[in-house]
Amino acid sequence: MNGEEQATLNELNKKFDEHIARVEPMVKAYHDQRVIDKFIAKVWRGAVSVLGLLALIGGIWAIFFKD
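82 is the number of the first residue of the sequence shown in this note's numbering; add one for each residue after it.
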């Protein structure tokens with residue numbers, strides 16, 4: 082590899098490193114947001130499941146223990 086090719090390769094490596102440094106925080110923020118969104122979705126599903134179960138118990142209670 083001659084000097085000109087090495088200089089071109091070094092320049093490309095430098096540009097690639099700059100690109101990675103610029104994109105990496107965005108990728109991390111996207112990943113963090115997805116983790117938060119998944120957690121919120123799990124909590125929401127759990128809350129809806131509990132409310133559904135309470136409604137089912139209330140319905141059964143109303144059917145069997147009428148005044």
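Take these hints with a grain of salt, some might be off.
Listed next, with one range per pair, are the computed distances between beta-carbon atoms [to be verified]: (1) F97 / L132: 47 to 53 Å; (2) R115 / A143: 51 to 57 Å; (3) I144 / F120: 33 to 39 Å; (4) F120 / H100: 29 to 35 Å; (5) A110 / I141: 28 to 34 Å.
Honestly, the hints are just simulated from the structure, not real lab data.
Predicted model, so just to flag it, every value in this text is computed and none were measured.
Note that the Cβ used here is the ideal one computed from N, Cα and C, for glycine as well.
Each hint tested on the structure:
In this structure the supplied range 47 to 53 Å holds for F97 paired with L132, their Cβ-Cβ distance being about 51 Å. Checked against the hint of 51 to 57 Å, the pair R115 and A143 fails, with Cβ atoms roughly 42 Å apart. Separation of I144 from F120 is about 37 Å and conforms to the stated range, judged on CB atoms against 33 to 39 Å. In this structure the supplied range 29 to 35 Å holds for F120 paired with H100, their Cβ-Cβ distance being about 31 Å.
Separated by about 47 Å at the C-beta atoms, A110 and I141 break the suggested range of 28 to 34 Å.
In the structure shown, a violation is registered for the earlier hints numbered 2 and 5, in ascending order.
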